[in-house]
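Knowing the structure of chain A, use the given hints to seat chain B on it.
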Amino acid sequence: MDFTITKNEEAFRLELRSWLEENLPPGWLDGNKELPKEKEAYSQFLRDWQRKLYEGGWAAIAWPKEYGGRDATLMEEIIYHQEMVRIDAPPLINYIGIHMVGPTLIQSGTEEQKEKHIQKILTGEEVWCQGYSEPNAGSDLAAIQTNAVKEGDKWIINGQKVWTSFGQFADKCFLLARTSYDREKKHRGITAFLLDMHQPGVETKPIIQMDGKQEFNEVYLTDAIASDADIVGEVDKGWRVMIALMLHERTGIGAELFTLEKRFNDLVEMAKEHEVNGQPLLKDSFIRQKMAGLYARVRGSLLNYYRNLTITLKQGHPGAESSIDKLVVSELTKEMAAFAMSIQGHQGVLWKEDALIDTRWQENFLASFGQTIGGGTSEVQRNTIGERLLGLPKDLGR
Amino acid sequence: MDFALSEEQEMFRGYLRKYLDDAGQTKLAREYSKGKTNELKATLQGLSELGATGINIPEVYGGLELGTLDLVPVFEEMGRALLPGCYLETMGFAVPLIKKYGTKAQKEKYLPEIAAGTRSITLGVIEPKRDFSPYGIQCFAGKEGDDLVLTGTKTLVPDGDLADTYLLLVRTDEGDGQTGLSFVFVDHQDGAQLQLQKCIDESKHLVELSFDEIKIPNERLLGEEGQGWTILEDGLLYLNAALSSMMVGGMEKVVDMATEYAKIREQFGQPIGRFQAIKHRIVDMKLELETARSLSYYANWALESEEQEREATIYSARSFATNAFIEVASHNIQIHGGIGFSEEIDCHLFLKRARYYESYLGSVNYYNEQIASGLGW
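So the protein sequences, as listed, match chains A and B. The first sequence: position 208 = 217 (the working numbering), numbered continuously. The second sequence: position 287 = 429 (the working numbering), numbered continuously.
Chain A on its own, in the form it takes in the complex:
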């Protein structure tokens, strides 16, 4: 066992750290982390931030150098996430472009597709979303009904997508649509399209979430148009492309874990500072007990991740064990967020400007319910772990 960081890795960390200090939006490190409220201004702010990352060479570090990346190692990617979480950097508006679509096009896109998109993904000129879920295809994603019909050299696409993150800003969509129907295997007959969002056949409506935010969208497709040149891989073989695309997002869970760790440390600070009847919350024996338990679990989930990372580093690809990380981090985030509410007592119900301590705790609590649903529900994760890792029999109907 060896937890030491190499000299190169440490140099990488310091280089990034000093770049961030110079280039973060004004006042960011002094605590002014307010993002613009209005949609256009919000989008512009984050596009500017991505442009800056691009100019500094920090937008897509895992990409090959020839495409504008740094050929970063897995450990460098981990360090990158640690540093971004540490200073609470502005979110990456083109997360999907950088971590999923870009690498997919680099690996299996046509020369024309690379020429058209890669540079713009890097700079943030082209913000991407993914068109996967539909009203009748959630966990059962292969049940999608949005269809694409060939007419001349065009594909005419009709249907509805839902839970589309970044849809309100996106210029492009990595879309799954049905191009044929296989009676036996419904994941056959799905094709992956690179769809232009700025066209009359595409309409985006925001979904207001239970926490009041609008991060997801419904996307209505009415005779939306794509061409042959917009197909990734082969017609009817988009499922495979989508799976490969998801594998490119190799360190996203790491970022979630570092966020969880940071939030736990914030919770400790909160419990140290906030006093009830003159006594800090952390001196209450019940709270100490629960917090010690959370400490163990946060620590344990990070250590699980490092253990799985070790396997990935040794064998060159992630082992089945890494499917555990997403389930653990989302469930633990939810539990911790609920606990942070509970220890505020009845006053924990106050939020926004009336929040007892900081409305982030109330927001985290509400937002945490999305984490065990998005990106594969905890139930789907348990099926995956049960079947792939433990070899239990497959669920009926799949």
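I should point out that these hints are in silico values taken from the structure, not numbers from a laboratory. None of these values were measured; they are calculated from a predicted model. Backbone N, C-alpha and C fix where the C-beta goes; we use that ideal spot for every residue, glycine too. You can take every hint at face value.
Stretches of chain B that chain A covers, calculated by requiring three or more beta carbons in the stretch to come under 8 Å of a beta carbon on chain A:
| id | stretch |
| --- | --- |
| 1 | 409 to 418 |
| 2 | 433 to 440 |
| 3 | 510 to 518 |
Within a straight-line C-alpha distance of at most 27 Å, the following computed BS3-like cross-link-like pairs (lysine-lysine) qualify:
| id | chain 1 | residue 1 | chain 2 | residue 2 |
| --- | --- | --- | --- | --- |
| 4 | B | Lys-494 | A | Lys-299 |
| 5 | A | Lys-403 | B | Lys-405 |
| 6 | B | Lys-405 | A | Lys-194 |
Frame of chain A, contents of chain B only:
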């Protein structure tokens, strides 16, 4: 970044697994429950020949002089087999303390025999109707010339019938709390009264040791007189890192059992592992196991490192694994259904062992509080 046991350590685990499989795994614990010790003793001697009892002992005393991480495979595999004996107390408590606090004479007396597998040491701390705290220690060792005269009773001494030596926490000076506490070695021949206690985990032989003015020489003190509680706290770091590995071994077996049973047991025309009520529960058990394993590996690593949060790290492993072991062992019975409630199947043995460890030398609450204070909360 390299967070895994080394290839050599995994290979050693392979040998141990095979050896204990051949010895009948939990069969040894079942026979020990009935008072039969021949096969067990032969197996323990065999493990010693494989090197298990020399791992953390210096070469000059006949050991292999390896690190604490090299003990992990042994603890896990013993936990998996529920192997009786006081290997945990000997290698995970007595040895590191003898190395650290023992006199040259004590090292020469105990370490070579431990390495050879001819001496095992168990631990006596708790006293009847008293708790796990400095106030609970009332066993008294008064000075009489060059001797100590020992009077009192220690209870719940693990596998005291197999041990050759007892390491006891006693009061060497009047006083309250931590002052006046010291560790002493008492050998089996010194004349303690042994009374076997009936334990819910029958593969654990607990004994009550009574001392009625037993004379032992002064040189039997371990470490400085009056420093007993501090030495205990130091030893508990080693013991709990080791114990968490032992529990991980047990949990791993339990998860294997539940998984295998869910694959072969059919109801409603299909394996029950197809039902999500069963499948998801087993997955949750697997998560508990893997988290406990990560914490325990790190705890054993932290013993020999400069990790800042050393105490919190080690006690996290203990506290988490303790609860997790009870939980997975309980679920395992439910997943097995009726047969899981029977004596015939091993499910209950693991539950009983998990319960046995629940408050062994400190409850979960005690260790959670240690985490909190260790972090300066």
